[in-house]
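Peer 1: Sequence:
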Amino acid sequence: MTAGSHARARRRDRRVYLGSHPLLFGLLAATRGRPVRRLGGTLLVHGADAYREALTRLPLDRTAAGTTGAAARSALRGGGGGGVLFDQEGGGHRADRRDLAGGLGAAGVERLRAGWQPLLVRRLAPLSRGGEVDLVDVARELAGSVVCELLGCAADPREVARAAAEAAAASVRSHLPGPRRPRAEAAAARAADRLRLLLGPAEEARAAMVAVAAVNTTVAALPRAVAWCADAGLWGQAADGALRPALAEELLRVTAASPLLPRVAAADGAVGGCPVRGGERLLLVARHAAQAHRRDPDAARPAGPAAAGLVFGAGPHACPGARLARVQLADVLAALAPHRPVVTRARVDRGAALPGWRSLTVRAGS
3 MTAGSHARAR
13 RRDRRVYLGS
23 HPLLFGLLAA
33 TRGRPVRRLG
43 GTLLVHGADA
53 YREALTRLPL
63 DRTAAGTTGA
73 AARSALRGGG
83 GGGVLFDQEG
93 GGHRADRRDL
103 AGGLGAAGVE
113 RLRAGWQPLL
123 VRRLAPLSRG
133 GEVDLVDVAR
143 ELAGSVVCEL
153 LGCAADPREV
163 ARAAAEAAAA
173 SVRSHLPGPR
183 RPRAEAAAAR
193 AADRLRLLLG
203 PAEEARAAMV
213 AVAAVNTTVA
223 ALPRAVAWCA
233 DAGLWGQAAD
243 GALRPALAEE
253 LLRVTAASPL
263 LPRVAAADGA
273 VGGCPVRGGE
283 RLLLVARHAA
293 QAHRRDPDAA
303 RPAGPAAAGL
313 VFGAGPHACP
323 GARLARVQLA
333 DVLAALAPHR
343 PVVTRARVDR
353 GAALPGWRSL
363 TVRAGS
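Just so you know, the numbering used here puts 38 at position 36 of the sequence shown, and the rest follows in order with no gaps.
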């Protein structure tokens, strides 16, 4: 592991941002010198303390246009029924988070591992025979399988993953700044209908939300983390059972599957000493708050949970799937470490909801 190898890993990973939203991420990179910067009616929040303050102290409007909640409500509920977690408030939000967290706690994740570990053995077997594996395809099946097990769904995991990715690409992605695609709402509705049909009638909205969140973050995160591990020569740390959990957390920190959290203030307040008016937009840059742009991943000298955890949000807005993501990536690294894979081909997914690879092919290293 050298500074040059990390530079190579960083250059490759940067391609996913430049391929998906080059102007947006160029702007964020240019403004990250200050913890908070105002551009008209929008606050760009880069600093860790300001990021936490925005998520834990500033009242946020979960249903405002341009937020994740509004996109989820539009795409997954279609305007009827109950909330979809992202757009809920108060007791309903807390109750649904508790229900979801129950399935994603330590015992729940162990149950899910019983399904994904044999899948990893099967899907990665070609590496031991000199073959190649597309890790995006593996991540897609892995995510779909986890969603089906979590929701008690008998559908084909790959079909569920495909439908969840389509729903996100057609709708959730529209909450980011930039030009809107023609007929995006109609496309989002069709994609959501396909997903709900696969998942079944029970608790349609929340089930669809779980599928969209789990599939898209997994498919974005796992291949990027593995590519960084391969490019930076971190397989020694991945093979070490004592270091592997910290390495997984470090890789999730620097790749930041959800690098940007768009929010809207529900009332007047302040973030990082900058006044905020109700209705103003905030772009919370998770990857900058977690120091992903400055500090390379190193399991021997990790940034620590206070920094690494920021890519999963903070306070009542923390992701309930954080444990799942960490354990899942650690298991993927453990399965890959004996092969010490190298990346042979990588293609950016320019239409995905989150920055990621459309395909990432690896083979066993020498």
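No lab work stands behind these hints, which were simulated from the structure alone.
Just so it is clear, CB atoms sit at the ideal spot from N, CA and C, and this is done for glycine as well.
One or more of the hints may lead you astray.
[Stated by the list, open to error] Cβ pair distances, simulated, as ranges:
#1 243 / 35: 38 to 44 Å
#2 115 / 16: 30 to 36 Å
#3 361 / 115: 21 to 27 Å
#4 367 / 59: 44 to 50 Å
#5 121 / 247: 16 to 22 Å
#6 270 / 17: 38 to 44 Å
Peer 1: Against the range 21 to 27 Å, how does the distance between the Cβ atoms of residue 361 and residue 115 compare: consistent or not?
Peer 2: holds (26 Å)
Peer 1: For the range 44 to 50 Å, tell me whether the beta carbons of residue 367 and residue 59 fit it or not.
Peer 2: holds (47 Å)
Peer 1: Tell me if the beta carbons of residue 121 and residue 247 are separated by a distance inside 16 to 22 Å.
Peer 2: holds (21 Å)
Peer 1: Note whether the CB distance of residue 270 and residue 17 lies within 38 to 44 Å or breaks it.
Peer 2: This hint holds: roughly 40 Å between Cβ atoms.
Peer 1: Is the gap between the beta carbons of residue 243 and residue 35 within 38 to 44 Å?
Peer 2: holds (40 Å)
Peer 1: If you check the beta carbons of residue 115 and residue 16, does the distance land in 30 to 36 Å?
Peer 2: Cβ of residue 115 to Cβ of residue 16: about 32 Å, so the range 30 to 36 Å holds.
Consistency note: the structure conflicts with none of the earlier hints.
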